[in-house]
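With the hints in hand, could you dock these two chains into one complex?
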Amino acid sequence: MANQSPDRREVLEMLARVAAVSQFPGFVRWAFGAEDANDPMKMGTVHEGQSPLSAQQKPHVYQPQFFTPTEYAMIDQLSELIIPADDTPGARDAGVSEFIDFMTASDTTLQPRFRDGLQLLDARATTKYGAVFMKLPEDKQTELLRAVAYKSTSDTEGRKFFLLVREYTVMGYYTSRIGLEQLDYPGLKLYAQSPACPHEGDPEHKHLPPPRY
Amino acid sequence: MPKEMYDVIVIGTGAGGGMAIHTLCQAGAKVCALNGSRRLDPKKDFRNHRQPYDMKYRGFGSPKLRRESIGYMDNEYTEGIWEHDIVFTTAPGTEWTWRRCFAVGGKTNFWGRSSARFAEIDFRAATRDGYDVDWPISYEEIAPYYSRVERMIGVASTVQNRPSNPDGDYLPAMNFRCIDWILHSGGQKIGIPYLPDRIAQLTVPHAGHPGCHFCANCTEGCDVGAFFSTPWFFLPEAEKSGNLEIRTNVLAKNILTDENGRAAGVAYIDRKTKQEHEVYGKAVVVAASCVESARILLNSKSSHWPNGIANSSGQVGRNLCDHLYGTTARGYFPQLLGQPSFPDGVSASTIAWMPRWQNLENPKQEKFIRGYSVYPDGGCAGFPSYFDLIEGFGREYKREIKRRYPTPVSFYIQAPSQRSDSNYVDIDPVVKDMYGIPAARIHFEWDQNTLLMWEHGKQACEDLLHASGAEYLGAAAAPDIPGTSLHETGTLRMGHDPKKFVTNRFGQTHDVPNLYVCDASVFPNCTDKTTTISILAFSLRTSEYLIENLKRA
Numbered sequence: 001m002a003n004q005s006p007d008r009r010e011v012l013e014m015l016a017r018v019a020a021v022s023q024f025p026g027f028v029r030w031a032f033g034a035e036d037a038n039d040p041m042k043m044g045t046v047h048e049g050q051s052p053l054s055a056q057q058k059p060h061v062y063q064p065q066f067f068t069p070t071e072y073a074m075i076d077q078l079s080e081l082i083i084p085a086d087d088t089p090g091a092r093d094a095g096v097s098e099f100i101d102f103m104t105a106s107d108t109t110l111q112p113r114f115r116d117g118l119q120l121l122d123a124r125a126t127t128k129y130g131a132v133f134m135k136l137p138e139d140k141q142t143e144l145l146r147a148v149a150y151k152s153t154s155d156t157e158g159r160k161f162f163l164l165v166r167e168y169t170v171m172g173y174y175t176s177r178i179g180l181e182q183l184d185y186p187g188l189k190l191y192a193q194s195p196a197c198p199h200e201g202d203p204e205h206k207h208l209p210p211p212r213y
Numbered sequence: 001m002p003k004e005m006y007d008v009i010v011i012g013t014g015a016g017g018g019m020a021i022h023t024l025c026q027a028g029a030k031v032c033a034l035n036g037s038r039r040l041d042p043k044k045d046f047r048n049h050r051q052p053y054d055m056k057y058r059g060f061g062s063p064k065l066r067r068e069s070i071g072y073m074d075n076e077y078t079e080g081i082w083e084h085d086i087v088f089t090t091a092p093g094t095e096w097t098w099r100r101c102f103a104v105g106g107k108t109n110f111w112g113r114s115s116a117r118f119a120e121i122d123f124r125a126a127t128r129d130g131y132d133v134d135w136p137i138s139y140e141e142i143a144p145y146y147s148r149v150e151r152m153i154g155v156a157s158t159v160q161n162r163p164s165n166p167d168g169d170y171l172p173a174m175n176f177r178c179i180d181w182i183l184h185s186g187g188q189k190i191g192i193p194y195l196p197d198r199i200a201q202l203t204v205p206h207a208g209h210p211g212c213h214f215c216a217n218c219t220e221g222c223d224v225g226a227f228f229s230t231p232w233f234f235l236p237e238a239e240k241s242g243n244l245e246i247r248t249n250v251l252a253k254n255i256l257t258d259e260n261g262r263a264a265g266v267a268y269i270d271r272k273t274k275q276e277h278e279v280y281g282k283a284v285v286v287a288a289s290c291v292e293s294a295r296i297l298l299n300s301k302s303s304h305w306p307n308g309i310a311n312s313s314g315q316v317g318r319n320l321c322d323h324l325y326g327t328t329a330r331g332y333f334p335q336l337l338g339q340p341s342f343p344d345g346v347s348a349s350t351i352a353w354m355p356r357w358q359n360l361e362n363p364k365q366e367k368f369i370r371g372y373s374v375y376p377d378g379g380c381a382g383f384p385s386y387f388d389l390i391e392g393f394g395r396e397y398k399r400e401i402k403r404r405y406p407t408p409v410s411f412y413i414q415a416p417s418q419r420s421d422s423n424y425v426d427i428d429p430v431v432k433d434m435y436g437i438p439a440a441r442i443h444f445e446w447d448q449n450t451l452l453m454w455e456h457g458k459q460a461c462e463d464l465l466h467a468s469g470a471e472y473l474g475a476a477a478a479p480d481i482p483g484t485s486l487h488e489t490g491t492l493r494m495g496h497d498p499k500k501f502v503t504n505r506f507g508q509t510h511d512v513p514n515l516y517v518c519d520a521s522v523f524p525n526c527t528d529k530t531t532t533i534s535i536l537a538f539s540l541r542t543s544e545y546l547i548e549n550l551k552r553a
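Residue numbers (my numbering), protein chains in the order written: chain A, 1 to 213; chain B, 1 to 553.
Pulled out of the complex, with its shape left as it was, chain B reads as follows (with noise of 0.2 Å):
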C-alpha cells in the first residue's frame, strides 16, 4: 500500500501552528496536524461564567487540585484542561515552573492577550548595546505581517509614538479606570509611561466575532471568542476548507528523515493505545512551543544527525530565555476608601502597562542593558485578598473590609533575561515520560542584568506608588521562579551562519530545509514583550514562504 501522503505535517495548534496550519490551508495546501490533547467544548471546558459560589470548592479549588496546580490559570475554573502527565526534569539548581495547555489551541485558550510588537531597538540590540547577536530581520521586513496579523486577530489601543513600541492598526482602545487616571497622573510626575496596553481583546465586533462583553475571566477560557485563540480564529476556517486533519491526543516523538537526511514525517504517539505511529508529508513545521518543540528535535536522531535534526551547528536547545515574573510593589490608594465598587477587573489582565522607558536614547544609560516593562493591576477584584493586612475581627473588620475593595494596586514586572551559555534544554539521560519519550531537562538560572532589572523596578514602582498618593505596602520578597511567564524563547534561534544558528531568516532549519519552526524558539531573545502576537506575525511570513518553496519544488 502506498504511503499516504500530506504536503505538511504541523506539530502543534496553538498561536504558531495555528497561524501555519490556517494559512497553508487557505493556500490548499493538505495539511495534518498533530495536538497533543483533546478539542475543548467551550460550552463545557470554558466556566468563566460561573461565580464563586457556582463551584464545589468555590473557585479554591479541591486539596488535590490545590496541591497540585501548576500555578496562576491552573485552577478548578479550568481543572483537567492543564497538562500534568508530561514529565520534565531540571538540572541540579534550576527552579523551574512549566504551564502546559496541549488542548487543541494550546496556550492560546488561556492568554494574557498583551500584544506589543517587537522593534527596531529590539532586532537592533546588539548594535546599540554590545551584547549577543542582532536579529536576522529588519523591522520594515516584518511590519507588514504585523498590520495583517492585527487585522486578523483585533489588537485594542491607541497610537503612543514610543522608540520602542512601534503603533499598529488597532481597535478602540480599553477604557482607563480610576486606578489608570491616578497612575497615570503619578506617571507623569516622574517620567514613567502609563499608557493603554496593546491588548487582543474585541473592544467592538470584529472580523465576523462578537465583541467582548467585559465579564473578566478570560484567562478561563472565552465561551463565545471575543478575544483571539486559534480554535476561535483560526482551525474552523481551515478544517472548512477542506485540507486540514487534526489528529488529536497524539504526541509527537521524533521527526522522521529520508535516506538524504531530509524530514519525511512525524513518528508520534496516540496516547490512548499508546501504540506508535508514522505520518508523512513533503515538509514539516515545528511548532510545540519553545522547550517542545527542541526537545522533539533532539530526540530525532538518525545516521545522518546523531546529535538531533538540524542540530549540525550543536546549538538545538541552547540560548534558552524567559521573562523574569515578580510583584515589583503592593500598595493601596487612601483617596479611594470607602468609595463605591468599580468593575476594575473586566480584562482579567490588562488595560493599561508601562511600556519599557529605560536605555531608549542612550543604550547604556542604566547599570543593566535592554529594557523591561510592567503590567500594573489593583482596583476591585472578586475576592478580597487583602484580608489578611487588616487586624482583629467583627463589625469594624467587616467595615474594613468594604472600605478598602477599591483600593488596592500592585505591579507586575516583565523583564527579559539575557542569552547564556548555562541556560539551554536537553535531554534527560535517564527520565522518559510515561509514554517512553526521552523527557527535557532545563538549566535555567536568572543572569546578573535582569536581576538588575529586578530592582530598578522595584524602585520604580515604589516611586510611582508615592507619586501617585499611594500607601506603598512593600514587594515580593523574591521574583517569580523562571518559567512562570510562559514566554521561553530562544532554543532553535535565528540567524545567517548555519554553524551558529539553528533556523534562518525565515524560520527554516538551516540544515534540513524542509523542516521549519513556527514557535517562539526561533526568536533570539525575548525583549520586553509578550511573545504571542509575534509568534502570530513570525509564523505567516514563514508558512507563506513555505508555500513558495512547495511550489517551487
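The following block holds chain A by itself, in its conformation from the complex (with noise of 0.2 Å):
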C-alpha cells in the first residue's frame, strides 16, 4: 500500500505464493503435465525471466465425468490426430482428452455437438472402410480427418464436428503447461524493465537471422 515499498526480492516472493495458492483436484495430466511438475524446489524464490510454478499434486487415473469409455477414447485419438507428438510433446501428452471431457461436461450444449459429431464420424468410418473409426488403423483415420478438414470439402457436417473437435483440442493443448512451453510463451514471467527488441539497427526487421520454426 501507500508508504510501503517492498523491494524487489519481496514483490518475487509475493508472486511466488499467490501462484501456490491454486490448485484444483481430479486432473492428472491436464494441469501440470511437464516432467518437473512435482518437484517442490520449483515452488521457491522466483528468478527474474522466470515463471511462478504452480501448485501440483500426485497423479492418478482420469475418470471422464462426461463421455463413456468408447468416446473418450476416441476423443483422446482424435486430439492426437490434430497435435501430434513429433519432436515436442503432443495433446496426450498434455492431457487435451481430460480437458475437453471437463469442458464438455460443465456444459450441456456443447453435449450434443461432440456426441452427434463422433457418432457422425463412426458412421462416415463405416460406410467408407465397414469398421468404426476407433477399429481403422492410424492412416485410415488420417484419411477420414481429411475428408472433413478443409473448407474444400462437401461434407458441411463432417467439418462442422472436425472445426469443433481441433478448437477444443487446440484451446486445451495451448492453455496446459506443455502447449505453452511448446510456444515458448514469454507471458506470467518477471522482467526488470520492460523487454526491448533485440534487433537494433533494422528497424524493419528485414535482416533478421534464418527462421528458427
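There may be inaccurate statements among the hints.
[As the list claims (entries may be wrong)] Examples of chain B residues lying across from chain A (beta carbon under 10 Å, computed):
| no. | residue |
| --- | --- |
| 1 | Met55 |
| 2 | Gly59 |
| 3 | Pro92 |
| 4 | Thr94 |
| 5 | Leu336 |
| 6 | Gly338 |
| 7 | Gln339 |
| 8 | Pro343 |
| 9 | Gly394 |
[As the list claims (entries may be wrong)] Now the in silico label distances, taken between C-beta atoms and shown as ranges:
| no. | chain 1 | residue 1 | chain 2 | residue 2 | range |
| --- | --- | --- | --- | --- | --- |
| 10 | A | Thr70 | B | Ser62 | 25 to 31 Å |
| 11 | A | Asp86 | B | Leu473 | 55 to 61 Å |
| 12 | B | Thr158 | A | Lys206 | 50 to 56 Å |
| 13 | A | Tyr150 | B | Lys44 | 44 to 50 Å |
| 14 | B | Tyr72 | A | Pro69 | 35 to 41 Å |
Simulated from the structure, these hints should not be mistaken for lab results. For each residue, glycine too, the CB sits at the ideal point set by N, CA and C.
Right under this line is the structure:
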C-alpha cells in the first residue's frame, strides 16, 4: 500500500506465493503435465525471467465425467491426430482429452455437439471402410479426418464437427503447460525492465536470422 | 439525537471519487464515502499471476460465466467482481454494453492505463470547426493539475511535441518491441505517427510504489500496485488521516435536500439488509461514473427539484458521448515467421499508440470533424487465437501455429462520438433494480461523423500494414457495440450558462452550490483520448475549489 515500498525480492516472493494458491483436484495431466511437475524446489523464490510455477498434485487415473469410455478413447485419439507428438509433446501428453471431457461435462449445449459428431464420424468410417473409427489403423483415421478438414469439402456436417474438435484440442493444448512451453510462451514472467526489441539497427526487421521454426 | 454531520459525502471511490476523498481528507475535511460493493483483497481477488492451467476453466470461464460475461475484462480471472445485479435498460434501437465495477476503487482496479492529456485543440474544438460548444476551461488552466496528477500516479512516456498531445512529466517510456519498430518504420513512410503511449504503469519505482514487473496481466488487477488505482494509491493515505469512513455495499439512491433545495446528504440502500439509510453532509460529491451519476440526480426529485436535483436546465442525462471502439485491421508480419518468441504482451495493452493525426492544421481537412486515435496490438500473446485461420491438422498444423506465434498484429480505434440530442440517459418509467431504485435507460447510436472516422481508420490501418510489409487479413465487420470503451462523458456537462449546462467550470452544479461532480459526466465531449487522467485532474481542481468554499462558509 502507499508509503510501503517492498523491494524487488519481496515482490518476487509474493508472486511465488500467489501462484502456489491455485489447486484443482481431479486432473492427472492437463493442468500440470511436465517432467518437473512435482519438484517442490520449483516452488521457492522466483528468479527474474522465470515463471512462478503452480502447485502440483499426485497423478492418478482420470475418470471421464461425460464421455463413455469408448467415446473418450476416440476424443483422445482425435486430439492426438490434430496435435501429434513429434519433436515436442502432443495433445495426449498434455491431457487434452481430460480438458475436453471436463469442458463438455460442464456445458450442456456442448454435449450433443460432441456426441452427435462422434457418431457421425463412426458412420462415415463404417460407410467408407466397414468399421467404426477406433477399429481402423491410423492412416485410415487420418484419411477420414482429411475428408472433413478443409474448406473445400462437401461434407459440411463432418467439417462442423472437425472444427469443433480442433477448436477444443487447440484450447486444451495451448493452455496447458506443455503447450505453452512448446510455444515458448513468454507471458507471466517477471522482468526488471520492459523487454526491448533485440534487433537494433534493423527497425524494419528485414535482416533477421533465418527462421528457427 | 443530533444527526451525525460529515463535511462531505462522496459517492464513488473510483478515479474521480478517490481523488476527491484523498484531497478532502488531506485538507482535514471529514468525509463519508459510499461505495456500491465490497473491498477487494489483492492477494485473493487478483488472480493475475495464475497460469491458464491454474484456472479451473483455463481462463475461458465456466459456461455460465461465458454466457453472462459482459465482455473483455469480465472473465475467469475477475469472476465475481464486475457488477451483474443492477439492471439498466435500453431504448428501442439502442445497443449498449456496460461493464461496471462497484468494488472499492471502481474501474481503476482494472483500467487500461493509457493517460494522455486533453489539449487546447480539444477545449477549443467548437471554435475551430463550428460544431457544438467550447469547454469552459483552457488548457493553461488545467495543465498544472495534470502535472500534479502525473507526479502522484506515475505516467511513462516521451516528449513528443504534438499539437493534440501536450507533453507532461513522464517516467521512462516502455521499450519498443519488434512489432513497434516495424510499424514505426511503416508509419514514417505514410505519415502516421507511431509513438510510445502515455501509460500509467510504473517503469521505475515511484512515489513509494514498486516498479512494474511486466507480468502482462494488468487488466486482471495488480497485486503489488505497480500501476495507479485508488485502493493502492489514494485510499490508504486518506484512511490514515482519520478523516475517512468508507461505507461498502451501499447503493446511493438519491440526494437529500434541505428546505432551501440545497444538498443535505444522501439516501442509500444497504445491499445486505436492503434497508434504506441516510447520511448527512455540508456538501455532496457525485462520482459514481457518468451514467450512474446522472441516474442519481434524476432520481433525486423533490418539490424544489421536480425533474431531479440540479436539473433546472433539463440537461441532466443529456449529451451522452462515448468512444467508438473496434478492430480496424488485422494482419501478420511475414518477416517474423518462425522467429523466437518475444515477450510482447508485457503491458497487457498499450506500449505504443497512434495519436490523432487528422484535422490538426486544418480543422476541415477530412470528411469528418475532430479526430481519433488508434492502439496497435500484436506479437506473442498467450493463446494462439489465430489458430482458426490455418487449415488442416497434424504436424504441419502444429508447426504453422508455432511459426506464426510472433507475427499477429491488429489495431483498435478510439473515435469520439459527437454530442447529439438523441444520445442521452433517462429513468426507465417502469423498470427498477432489485433494490427498488428506478433504472437508468440508455438512448444511444453512433453518429455519422464517428462512423466516417471508423471507415477512415480502417483504410489508414490497412495502409499502415502494407507500408510495414505485413499481410492484411481484414477488419471487423462492424465496430464494437456502444458502451464497450467505458469512456462515457457528457451527462452533467460543464459550461458557463446555467440554462444550458448542469455544472460550472469547476464541476459545481449551477443550481445547487454544495453539490459537486467529480467524474467524466462533466466533460462536454470525449475527445480522442481516454478519460481517467482527465477525471483525476478535473477532480483535483474541483475538490480544491470545494475546500475553499467550505472554508468560506
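field: Minimum beta-carbon distance criterion (10 Å), Gly338(B) to chain A
entry: For Gly338(B), the interface hint holds, since the closest Cβ of chain A sits about 3 Å away, which is under 10 Å.
Distance restraint hint 44 to 50 Å, applied to the beta-carbon atoms of Tyr150(A) and Lys44(B): holds (47 Å)
field: Hint check, Pro343(B) versus chain A [nearest Cβ-Cβ separation less than 10 Å]
entry: Where the cut-off is 10 Å and the nearest Cβ of chain A is about 4 Å from Pro343(B), the hint holds.
Per-residue hint verdict: Pro92(B), partner chain A, C-beta under 10 Å: Not OK, violated: Pro92(B) not within 10 Å of chain A, min 29 Å.
- prompt: Does the nearest C-beta of chain A fall within a distance shorter than 10 Å of the C-beta of Met55(B)?
  reply: holds (7 Å)
task: Tell me if Gly59(B) is really an interface residue toward chain A, meaning its C-beta lies closer than 10 Å to one of theirs.
output: holds (7 Å)
message: Under 10 Å is the threshold here; is the Cβ of Thr94(B) close enough to any Cβ of chain A for the hint to stand?
response: With a closest approach of 28 Å, the Thr94(B) hint is violated.
message: Let's test the interface hint: is any C-beta of chain A closer than 10 Å to that of Gln339(B)?
response: Where the cut-off is 10 Å and the nearest Cβ of chain A is about 6 Å from Gln339(B), the hint holds.
- prompt: Per the CB criterion, is Leu336(B) less than 10 Å away from chain A?
  reply: holds (7 Å)
- prompt: Are Thr158(B) and Lys206(A) spaced within 50 to 56 Å by their CB atoms?
  reply: violated (25 Å)
query: Holds or violated: 35 to 41 Å for the Cβ distance of Tyr72(B) and Pro69(A)?
result: holds (39 Å)
field: Interface hint compliance - Gly394(B) to chain A, C-beta minimum distance less than 10 Å
entry: holds (6 Å)
Going through the hint list in order, the structure does not satisfy hints 3, 4, 11, 12.
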